[in-house]
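Chemist: If you count the sequence shown from 1, position 227 lands on 227 in the UniProt record's numbering, and the numbers rise without skipping.
Hints were generated in silico from the structure; no laboratory data involved.
Please read all numbers here as calculations on a predicted model, not as lab measurements.
Virtual Cβ for every residue (Gly too), placed ideally from N, Cα, C.
Treat the hints with care, as some may be off.
Unchecked claim - Straight line, CA to CA, 25 Å or less: simulated PhoX-like cross-link-like pairs of lysine-lysine:
id, residue 1, residue 2
1, K184, K152
2, K56, K201
3, K56, K7
4, K297, K184
What the hints assert, rightly or not - Using C-beta positions, here's what the derived DEER-type ranges look like:
id, residue 1, residue 2, range
5, E73, D155, 40 to 50 Å
6, E43, E102, 40 to 50 Å
7, Q105, N61, 47 to 57 Å
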Amino acid sequence: MKLYTIKTSAGSMRVAASHSMDSMGWDITSLFPSLLDVIRGGEEALQIIAQEIKSKTPDVNLNEVTILAPIPEPIRNVYCVGWNYLKHFNEGIGRRGDQEVELPQYPTFFTKSTRAVIGPNVPIPYDSGFSERWDYEGEIAVIIGRSGINIKEHDAMSHVFGYTLANDVSARDVQRRHGGQWLKGKSMDGSCPLGPAIVTKDEIPEVQDLTIRCEINGETRQEARLTQLIFSIPRLIHDLSEAMTLLPGDILLTGTPDGVGFGRTPPVYLQPGDTMVVSSEQLGQLVNVVGPDLKEKR
Numbered sequence: 001m002k003l004y005t006i007k008t009s010a011g012s013m014r015v016a017a018s019h020s021m022d023s024m025g026w027d028i029t030s031l032f033p034s035l036l037d038v039i040r041g042g043e044e045a046l047q048i049i050a051q052e053i054k055s056k057t058p059d060v061n062l063n064e065v066t067i068l069a070p071i072p073e074p075i076r077n078v079y080c081v082g083w084n085y086l087k088h089f090n091e092g093i094g095r096r097g098d099q100e101v102e103l104p105q106y107p108t109f110f111t112k113s114t115r116a117v118i119g120p121n122v123p124i125p126y127d128s129g130f131s132e133r134w135d136y137e138g139e140i141a142v143i144i145g146r147s148g149i150n151i152k153e154h155d156a157m158s159h160v161f162g163y164t165l166a167n168d169v170s171a172r173d174v175q176r177r178h179g180g181q182w183l184k185g186k187s188m189d190g191s192c193p194l195g196p197a198i199v200t201k202d203e204i205p206e207v208q209d210l211t212i213r214c215e216i217n218g219e220t221r222q223e224a225r226l227t228q229l230i231f232s233i234p235r236l237i238h239d240l241s242e243a244m245t246l247l248p249g250d251i252l253l254t255g256t257p258d259g260v261g262f263g264r265t266p267p268v269y270l271q272p273g274d275t276m277v278v279s280s281e282q283l284g285q286l287v288n289v290v291g292p293d294l295k296e297k298r
């Protein structure tokens, strides 16, 4: 099942379910007022939705509504992972200034602010007065469906609700400014596009076979399978949950492959008007354009 948060032409925020991308769906807001409510309801909620829509005619044209981020207002910061593809780690060698490190033995976690989250087709608020090294990072995000602490690897997938696409837009110079802590260079408002839908995990039983792609202005810059992750999704959930409770609705970005702008020779950074398309066969497309420079409005 694909689950959307949408906004109608009248401005009403609704929840919709569909069996396919970019087609007709069902308004399920009367059952669950938000997608977070669906996630918290877990398998029982999905069964209720499936029973409700089984005999109903679709009543939402997904091409005629605004698709928002699936979780427009996350319950807390978005969890992210750095250096989780070997080629991405290697492409940064010699480009990290005083941040040269060895390949980590444990996942490198950081977060993005809740205000970073935006939906498909929302412009990235580019500001050259803040940074002139804006970069893209296409990723697959995991949506946590069941709370847990000290989750074992063998049980980790039972805590997953589904998956969506993400773009970890980054300001590379700012990212390096703050003592090696990436939060500031990763948490700009509008720097975490998510969507278009959450695809429930039952539709993707072999998630490691997914391919993530990122195109900039029609040119493929990134492409990799999740089998190339250094730390698998179960390992990420295990490590992140050690001594720290994960909650339904938590968002975990799994890392980006090689091909980012700062890793190219010479580096190629985002500019106003650039179109970014993050895609995966079973998760659809996440499209965002870099907005006009806001420097003069600072």
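Chemist: It remains to establish, for every hint, whether it holds in the given structure.
Modeler: Hint check:
1. Distance check on the hinted pair: K184 and K152 sit about 31 Å apart at the alpha-carbon level, beyond 25 Å; violated.
2. At most 25 Å may separate the alpha-carbon atoms for a hinted pair to count; K56 and K201 meet this at roughly 24 Å.
3. Restraint check: the Cα-Cα separation between K56 and K7 comes to about 21 Å, which is no more than 25 Å; the hinted pair holds.
4. Taking the CA atoms of K297 and K184, the gap is near 20 Å; set against the 25 Å cutoff, the hint holds.
5. Evaluation of the 40 to 50 Å hint for E73 and D155 yields a failure: the beta carbon distance comes to about 29 Å.
6. As the Cβ distance of E43 to E102 is approximately 42 Å, the hint placing it in 40 to 50 Å holds.
7. The beta-carbon spacing between Q105 and N61, approximately 49 Å, falls within the hinted interval of 47 to 57 Å.
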